[in-house]
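Novice: From first to last, the protein sequence lines are chains A and B. Letter by letter, the first sequence follows residues 1 to 249 of my numbering. Letter by letter, the second sequence follows residues 250 to 510 of my numbering.
These aren't lab readings, by the way, just hints derived from the structure by calculation. Keep in mind it's a predicted model, so treat the numbers as computed, not measured. Take these hints with a grain of salt, some might be off.
Simulated restraints on C-beta separations [said to hold, decoys possible]:
#1 L450/B with V90/A: 50 to 56 Å
#2 W258/B with V90/A: 26 to 32 Å
#3 K151/A with P390/B: 35 to 41 Å
#4 V273/B with D144/A: 22 to 28 Å
#5 L386/B with S88/A: 47 to 53 Å
#6 K94/A with V267/B: 22 to 28 Å
#7 L372/B with D44/A: 54 to 60 Å
#8 F414/B with S154/A: 48 to 54 Å
Don't be surprised by glycine CBs; every beta carbon is placed ideally from N, CA and C.
Single-letter residue listing:
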Amino acid sequence: MGNLVIEAHDLGIQFNKGRRKQRKLREMFIFRGNNRRTPAATTDFWALRHLNFSISHGEAVGLIGSNGTGKSTLLRLIAGVLTPDEGSVVCRGKVAPLLELSAGFSGDLTGRENVQIVAAMHGLSSQQIKSKFDEIVDYAEIGDFIDTPIKHYSSGMKVRLGFAVITQLEHPVLLVDEALAVGDRKFREKCYKTIEGMLAQGRTLVLVSHSDADLKRFCKRGIYLRGGQLITDGPVEDALDTYHDFAKV
Amino acid sequence: MWRQKSVMWMLVRRDLAVKYQSSVLGYVWSLIDPLVQALIYWFIFGVLYHTKTELYGAGYPLFIVSGIFSWMWISAGITESAHALTSQARLITTMRVRREIFPVSKVLARAVEYLVGLPIVVLFAILFHGTFTWRILVGLPLSMAIQGVLLVGIALILSPLNVLFRDVERMTRLIVRILMYTAPIIYPLSRVMESGMPRWLKDVYQLNPLVGIIDIQHGMWIPQLFPKPTVILASAVGSVIIFLIGVWVFRKTESAVLKEL
Numbered sequence: 001m002g003n004l005v006i007e008a009h010d011l012g013i014q015f016n017k018g019r020r021k022q023r024k025l026r027e028m029f030i031f032r033g034n035n036r037r038t039p040a041a042t043t044d045f046w047a048l049r050h051l052n053f054s055i056s057h058g059e060a061v062g063l064i065g066s067n068g069t070g071k072s073t074l075l076r077l078i079a080g081v082l083t084p085d086e087g088s089v090v091c092r093g094k095v096a097p098l099l100e101l102s103a104g105f106s107g108d109l110t111g112r113e114n115v116q117i118v119a120a121m122h123g124l125s126s127q128q129i130k131s132k133f134d135e136i137v138d139y140a141e142i143g144d145f146i147d148t149p150i151k152h153y154s155s156g157m158k159v160r161l162g163f164a165v166i167t168q169l170e171h172p173v174l175l176v177d178e179a180l181a182v183g184d185r186k187f188r189e190k191c192y193k194t195i196e197g198m199l200a201q202g203r204t205l206v207l208v209s210h211s212d213a214d215l216k217r218f219c220k221r222g223i224y225l226r227g228g229q230l231i232t233d234g235p236v237e238d239a240l241d242t243y244h245d246f247a248k249v
Numbered sequence: 250m251w252r253q254k255s256v257m258w259m260l261v262r263r264d265l266a267v268k269y270q271s272s273v274l275g276y277v278w279s280l281i282d283p284l285v286q287a288l289i290y291w292f293i294f295g296v297l298y299h300t301k302t303e304l305y306g307a308g309y310p311l312f313i314v315s316g317i318f319s320w321m322w323i324s325a326g327i328t329e330s331a332h333a334l335t336s337q338a339r340l341i342t343t344m345r346v347r348r349e350i351f352p353v354s355k356v357l358a359r360a361v362e363y364l365v366g367l368p369i370v371v372l373f374a375i376l377f378h379g380t381f382t383w384r385i386l387v388g389l390p391l392s393m394a395i396q397g398v399l400l401v402g403i404a405l406i407l408s409p410l411n412v413l414f415r416d417v418e419r420m421t422r423l424i425v426r427i428l429m430y431t432a433p434i435i436y437p438l439s440r441v442m443e444s445g446m447p448r449w450l451k452d453v454y455q456l457n458p459l460v461g462i463i464d465i466q467h468g469m470w471i472p473q474l475f476p477k478p479t480v481i482l483a484s485a486v487g488s489v490i491i492f493l494i495g496v497w498v499f500r501k502t503e504s505a506v507l508k509e510l
């Protein structure tokens, strides 16, 4: 414990409900992104606002909440693929994002080419890729199909290959967005084991899930979001209880 | 930074791999395309209109080919970088890399195609009385550097704007077509200078960074066409200005673009 890996201060992000209006372009250039003087347009809403929390090294945190309460948005903010409109979020250390497992694959290329490209984009060197390639293929249980264009893969195969690449990353922060809900039971169990293994190595995990069992299995701490606000931040059971109490009513 | 460089290189590789994966002729297409265009222009302007006199003994085919290959990089670079972000939205929204590398990698991928086509230009220079001088060694890196900076700048402007307004893509196609005829690609610059256009219009014409770039390309093989230092300087300064505008636009729009993707 001790050293903080993820820190959010008064974090907020705003989205536009309707289509972007002409007026917005002008504002984009006049106002800075983190300006407090936010344009008072009725079509804008805060997907997340006034979030304060920090996550220490080695912690496993579950994000809980109904659909559309900003869980995935928060994950993307932590991953740095969205930028906040208010406040800040800092993430120290490389992030292994499991936001969308087959992202970066091109259908026309073979499994082999895709693995090489995606692994390199995640920051692996070509030697690392070479030495880990067989492991990735074994893990994904793709076999001979590795030289088939990915567009002919089943969706399960694509996801398995995508996950297999991520497992080879040594990044200290894992962000998981329900990606594990896909795939058959056998492979899911394998994924879970892998993630448990990664946690045992002292990596930090932030998990978005609707499954109580999954959340309790991996996480000790839970953050419950409702309407873009942080409602509960504490032991995962407490957060789940608050969530269920609210959902019942 | 090193990591980003390798990511960029991977994107370039992927771009080229995807493009040539399912075609039999593969990269030969990137040669056929400009050659066919050159053939058309040669027929119209070389055969029908006799654009020969101003070329100092070199053949019109050399003139047209040396311009067209460079132009292909420009036109493909502009049109493809316009949807550099929209077409790779899923990747951008899941991976933390500097977003600039997506448009930049498009420009680089087209640069690779340009380099691959260079031997064809050399072949034309041999066949159609090109002059081999030091200008080739100076002109090639110089024109490529100016062109690279210019295209990256344009890519940084167009790619985020296209996310916010899809009109940009269509507008780009139109503008590229206009640019093609407002640069001395199929006609020599002297034709413009000797035309009846008012003086100020000629000056404005020469402010177009493409004029310097394309004329260096011609001058590499036909020394008399090598542009004056002022034209090169104007071209370089113009490119740097557009590059700086691009960096600024990209930074300003980045957060809105990420939300929209």
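Novice: Hint by hint, say whether it matches the structure.
Specialist: How the hints compare with the structure:
1. In this structure the hint that L450/B and V90/A lie 50 to 56 Å apart at CB holds, the actual value being about 54 Å.
2. Roughly 29 Å separates the CB atoms of W258/B and V90/A, a value that falls within the hinted 26 to 32 Å.
3. For K151/A and P390/B, the hinted distance range of 35 to 41 Å is satisfied, since their beta carbons lie about 40 Å from each other.
4. At roughly 24 Å, the beta-carbon separation of V273/B and D144/A lies within the given 22 to 28 Å, and the hint holds.
5. The hinted window of 47 to 53 Å between L386/B and S88/A holds, with their beta carbons roughly 50 Å apart.
6. Evaluation of the 22 to 28 Å hint for K94/A and V267/B yields a pass: the beta carbon distance comes to about 27 Å.
7. Taking 54 to 60 Å as the suggested C-beta distance range, the pair L372/B and D44/A conforms, at roughly 59 Å.
8. About 37 Å separates the C-beta atoms of F414/B and S154/A, a value inconsistent with the hinted range of 48 to 54 Å.
Taken one by one, the earlier hints fail for this structure only at number 8.
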